[in-house]
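Protein chains: 2
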Amino acid sequence: MTFVIIGGDAAGMSAASRAKRNDPDLNVIVLEATPDVSYSACGMPYNIADPTRAMDDLVVRPAQVFREEQKIDLRLGHRVERIDRGLNRVWGRRSDGEEFEVAYRKLLIATGAIAPKLYIPGKDLPGVYVIKSLQDGREIKGYLADHAVRRVLIVGMGYIGLEMAEAFHARGMQVQMAKPRPGLLPWMPEEMSQVVKDELTSKGISLHFGARLTAIEQMDGGLRVVTDKGELLVDMVLMGVGIEPNSGIASEAGLELGPSRAIAVDRTMRTSDPEIFAAGDCADAFHVVTGKRVWIPLGLRANRGGWAVGDNVTGLHVELPGIVGSAVFKVLDLEVARTGLSLKEAQEAGFDAVEKYTKSASRAHPHPGSQIVHMNLVGDKKTGRLLGASMVGKEGVAHRIDSVAVALHAGMTVEQFFQCDFAYAPPFTPVWDPLLTAANQLLKQL
Amino acid sequence: MTFVIIGGDAAGMSAASRAKRNDPDLNVIVLEATPDVSYSACGMPYNIADPTRAMDDLVVRPAQVFREEQKIDLRLGHRVERIDRGLNRVWGRRSDGEEFEVAYRKLLIATGAIAPKLYIPGKDLPGVYVIKSLQDGREIKGYLADHAVRRVLIVGMGYIGLEMAEAFHARGMQVQMAKPRPGLLPWMPEEMSQVVKDELTSKGISLHFGARLTAIEQMDGGLRVVTDKGELLVDMVLMGVGIEPNSGIASEAGLELGPSRAIAVDRTMRTSDPEIFAAGDCADAFHVVTGKRVWIPLGLRANRGGWAVGDNVTGLHVELPGIVGSAVFKVLDLEVARTGLSLKEAQEAGFDAVEKYTKSASRAHPHPGSQIVHMNLVGDKKTGRLLGASMVGKEGVAHRIDSVAVALHAGMTVEQFFQCDFAYAPPFTPVWDPLLTAANQLLKQL
Chain G
1 MTFVIIGGDA
11 AGMSAASRAK
21 RNDPDLNVIV
31 LEATPDVSYS
41 ACGMPYNIAD
51 PTRAMDDLVV
61 RPAQVFREEQ
71 KIDLRLGHRV
81 ERIDRGLNRV
91 WGRRSDGEEF
101 EVAYRKLLIA
111 TGAIAPKLYI
121 PGKDLPGVYV
131 IKSLQDGREI
141 KGYLADHAVR
151 RVLIVGMGYI
161 GLEMAEAFHA
171 RGMQVQMAKP
181 RPGLLPWMPE
191 EMSQVVKDEL
201 TSKGISLHFG
211 ARLTAIEQMD
221 GGLRVVTDKG
231 ELLVDMVLMG
241 VGIEPNSGIA
251 SEAGLELGPS
261 RAIAVDRTMR
271 TSDPEIFAAG
281 DCADAFHVVT
291 GKRVWIPLGL
301 RANRGGWAVG
311 DNVTGLHVEL
321 PGIVGSAVFK
331 VLDLEVARTG
341 LSLKEAQEAG
351 FDAVEKYTKS
361 ASRAHPHPGS
371 QIVHMNLVGD
381 KKTGRLLGAS
391 MVGKEGVAHR
401 IDSVAVALHA
411 GMTVEQFFQC
421 DFAYAPPFTP
431 VWDPLLTAAN
441 QLLKQL
Chain L
1 MTFVIIGGDA
11 AGMSAASRAK
21 RNDPDLNVIV
31 LEATPDVSYS
41 ACGMPYNIAD
51 PTRAMDDLVV
61 RPAQVFREEQ
71 KIDLRLGHRV
81 ERIDRGLNRV
91 WGRRSDGEEF
101 EVAYRKLLIA
111 TGAIAPKLYI
121 PGKDLPGVYV
131 IKSLQDGREI
141 KGYLADHAVR
151 RVLIVGMGYI
161 GLEMAEAFHA
171 RGMQVQMAKP
181 RPGLLPWMPE
191 EMSQVVKDEL
201 TSKGISLHFG
211 ARLTAIEQMD
221 GGLRVVTDKG
231 ELLVDMVLMG
241 VGIEPNSGIA
251 SEAGLELGPS
261 RAIAVDRTMR
271 TSDPEIFAAG
281 DCADAFHVVT
291 GKRVWIPLGL
301 RANRGGWAVG
311 DNVTGLHVEL
321 PGIVGSAVFK
331 VLDLEVARTG
341 LSLKEAQEAG
351 FDAVEKYTKS
361 ASRAHPHPGS
371 QIVHMNLVGD
381 KKTGRLLGAS
391 MVGKEGVAHR
401 IDSVAVALHA
411 GMTVEQFFQC
421 DFAYAPPFTP
431 VWDPLLTAAN
441 QLLKQL
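These protein sequence lines map, in sequence, to chains G and L.
When you line the first sequence up against this note's numbering, it's residues 1 to 446, in that order.
When you line the second sequence up against this note's numbering, it's residues 1 to 446, in that order.
Isolated chain G (complex conformation) (with noise of 0.2 Å):
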C-alpha cells in the first residue's frame, strides 16, 4: 500500500516515521515544496538572534535519516498542485519545473500553514520579509550578515512577531512594532498587555497602534514606510501579520473546510474523504472546552495529529480528544502564556463567562527574587466551570499554564481546580500557589 503525505514538517514526518514504524513495508512517500524538512520552525526567532549559530541548527532530522534509516520515500522540491480524489492520484511540479504524478491509496494533507504579505506597493522590495519557513530565516540572516541593518519595523504583534522583536533587540537593533489595530495581546485583560507593554517600551520598543501601512519605498538610506498615521524609515520590514491555512489544494479537490479554511477533520484526523487526512497547521480541532472546530496551529498538535494519522493508516484506531489552544511564549524577560477560552471567546461559545484578573508572588512572602505573577482566570457562572486563564510574569508562567490544561481536559470547575493539592517550596512558589490564589478569587465571581 501506498500512503503519500503532501508536506514534510512536523505533522507530514511525524505521521510518516510513525506509519513506517507500526508497519515497516508501507510504502511511504513523502512530498515537500521547500528543499527542508522537519525543522524547528518556532526555533527560528531564537537563532535569528544568535549570529554565530547556523540556520540549519534547526533541522530537528535531516532528510537523509528519514531515507536511510527510515526507509521513507522523501522527496524534496516536490510541490504539489492537485488532488484527483476520482483517480487516487496528485499532480504538482518539481522545483526544477518538471511535472510529476503520484498515485496514493491514502493521503494525507500536511501543507501547513502560509505567512501573506501585506499587498501593498513595496511588499517585494529586498529587506521585506516574512519568517515562516526555513528558507525565510535563511534569508533574513542572511541579510542581516550582509547589510548594515540598524532599524527594523515588525508590522503585527503576534507571538511571532513579539518574539522576533526579542531576536532583533538581541542583535543591538532598534526595534519598531505596528498595526493596524489598538491592543496588544487582545485575548488578555487590559492591565495584563500593559504589563507586555511596558516590558516592550522599557527595553527601547516603540509600539504604534491604530497604524496601517500602505507603501514601503526604496530610498537612499533605507526603506520609507508610509502608514495612515506617518512615515517611518527603517532597514528592514517584518511582515508577522498572521498566518493562513494551507488549504488550497485540498478546497479545489473539494474537500470539506472548517474555520479559518482550515481543512475540517474528525477526531481520527480524516477529511471529509475517509482515504484523506489532513494535520498540522492546514487542519483544524475540535476544542474541548467548547466542543466545537477551531483552527489553533500550534507545534504539538502538528505532531499529535501526524502520529495519530500514522496510526490510522497502518489499521490502528486512534481517536484525538481535541485541543485547549494552550500557548506560551517569551518576551524579552517576559513569559506569557494562555490555555483555553479568553473572556470574549467564552462568552462568544455561550458562556456565561466571567473572568478575575489577579496579581501574585512568584515566591514565598520573605524569599528573595520574587516577581509578580499576573493571571487572568475565566470561569462560567451557570457550571462553575474552569474555561481558560492567562498569564504573564518574569518567572513561573511557562509551566503553570499547564495545570490550567489539564483542568480544561478534565472538565474541572474552579472549585474542583481550587482543591487541588500543589507543591509548595519558598523558592518556587507562596504556599498558596498563585493559581490556586487566582482560582479562589475567581470562586468568589461564580
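Don't take every hint at face value.
Identical copies carry no separate label here, and so any pair may be met within one copy or between two of them.
Taking lysine-lysine and the DSSO-like style, the derived pairs with C-alpha atoms no more than 30 Å apart in a straight line are [stated by the list, open to error]:
no.	residue 1	residue 2
1	K344	K382
2	K203	K394
3	K203	K71
4	K359	K71
5	K359	K394
6	K197	K71
7	K123	K444
8	K71	K444
9	K203	K382
10	K132	K382
11	K123	K229
12	K71	K344
13	K394	K123
It should be emphasised that the hints constitute simulated quantities derived from the structure, not laboratory data.
Put chain L on the given structure of chain G with help from the hints.
Just chain L now, with coordinates in the frame of chain G:
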C-alpha cells in the same frame, strides 16, 4: 460563642482569621505555646543561608495585627496540656509558670508536629540542634554568628536535611550527611536519586549511608560524633530525623488517631468528637488516589485545613476532597518534586502498579541552555490510571509537578493525561513536553 484554637501557626491562624472574617462577633482565642505566630517555617533554610537576614523576616503577620486588626484573642506562651471534653475546657501552663484554663464551644487542635532528637548521649550538648520552630532557627543562626562553625553534620536526608545542607553549604561550611539506612529519597528510582547524590557530592557534601549515631561528645575543638561506622569531628550537628504529629493531648483526650498517630479527621476536619477539629501537621487526611487516610504534613494542606475549619465553625459546610502529597524542594542547583504514589506505595495500596523512568530535555532540541528533566511516572495496569510522579532537574520541575497533581485529582488515566494539550515554546520545553514523553513511555507498559 467561643472558638478556641490550640496552636498559632499556619492551620491555627488560618482558621482564626477565616472564622473571624466570616463572623466578626465570634470570640476566637488562640493559645500558642511559643512566642511566635504565623511564620514561614519552610523559609528557615533560606533565611539561615543568609547571615544578613533577620529570622523575624519569616513572620508573615505579627501578633499585633491579629490582635488589633482582626480582633483575635491571641495568647502567646500558653501551652495547653489537657483537654477535658466533658467540661469543654482546656488547661495548660503559661511560659511564666502560671496555670490557665479556657472554656470552649468549638475547639481546633493545630499543634503541628514535633522534631524529636535522636535519643543518644550528648543530644543536648551545645551545637546540637533540630529545626522545627522559629526559635530553633534563631538558636542555630545565633550559634553560627557566635562560633566558628566550619564543619556540620546533618543527621537525616529528607527534605529538611537536604534544604539545610544547601543552606550550610551557602555559608561556606563543610557539610556531611548521615543516615542509618541506605538510599537517598527512596520514593524515587535509584537512577534519579543518583542525580541528587551527584549534585550533593559534586558540591563537596559527603554522604554517609548506613551510619547510625550512638553518641555525641564534647571535645576540645568540636563535637565528636560516634557512629557504628566510625567517628566524625564536627562543630555542629543538625538532627533532621523526621517529624511526628504532636497529637499527645488529643490522644489523652480520647480522640481517635490515624496513621502515624496523627489525629484522625473527616473531610470537614472534625475529629471523632464533632465539637473538636484538627488541622495542620498534627492531623491526617484522605489521599485522593487511594481514598485512604495518610499523614503527609505539608504547608498548603495546613492552610487549607485551617480555612475549612474557620468556615465550618461559622455555619458553612466545607468538605475537603483530600491530598495527593505534592511536594517540591530545592537542593543546590536541583529542583526535586513528587506527587501521588511512588511505585512501592502504589503496590502497597493494592494497585497493579508499574513505573517508567525517562530523561527528557528541558528545552527544544536546538535551544541553548537545555537541561535534563528526570521523570518517573507510576500507573496502574488494571485501570490505566495515573498514580504518581517524581522529578529531578535543574529547571522545569517545580511547576510541572502540579500538572500531574491536577491529573491525579481528576482521576485521569495515563492515556488521558498524554492527550492533554500542553504549551510549547523552545525556551521552556520541547514540542512534546517531558511529561507527555514520559506518559507515552509509561503507556507502553500498561
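Right, here's what the structure says about each hint:
1. K344 x K382: within (16 Å within a copy, 42 Å between copies)
2. K203 x K394: both (14 Å within a copy, 28 Å between copies)
3. K203 x K71: Neither way: K203 and K71 sit 49 Å apart in one copy and 47 Å across, limit 30 Å.
4. K359 x K71: Between copies only: 27 Å across, 53 Å inside.
5. K359 x K394: both (12 Å within a copy, 27 Å between copies)
6. K197 x K71: neither (49 Å within a copy, 43 Å between copies)
7. K123 x K444: Classified as neither: same-chain Cα gap 51 Å, cross-chain 51 Å, threshold 30 Å.
8. K71 x K444: Intra 58 Å, inter 24 Å, cutoff 30 Å: inter-copy only.
9. K203 x K382: neither (43 Å within a copy, 55 Å between copies)
10. K132 x K382: neither (42 Å within a copy, 45 Å between copies)
11. K123 x K229: within (18 Å within a copy, 78 Å between copies)
12. K71 x K344: neither (48 Å within a copy, 43 Å between copies)
13. K394 x K123: Answer is neither: 36 Å inside a copy and 45 Å across each miss the 30 Å cutoff.
Consistency note: the structure conflicts with the earlier hints numbered 3, 6, 7, 9, 10, 12, 13.
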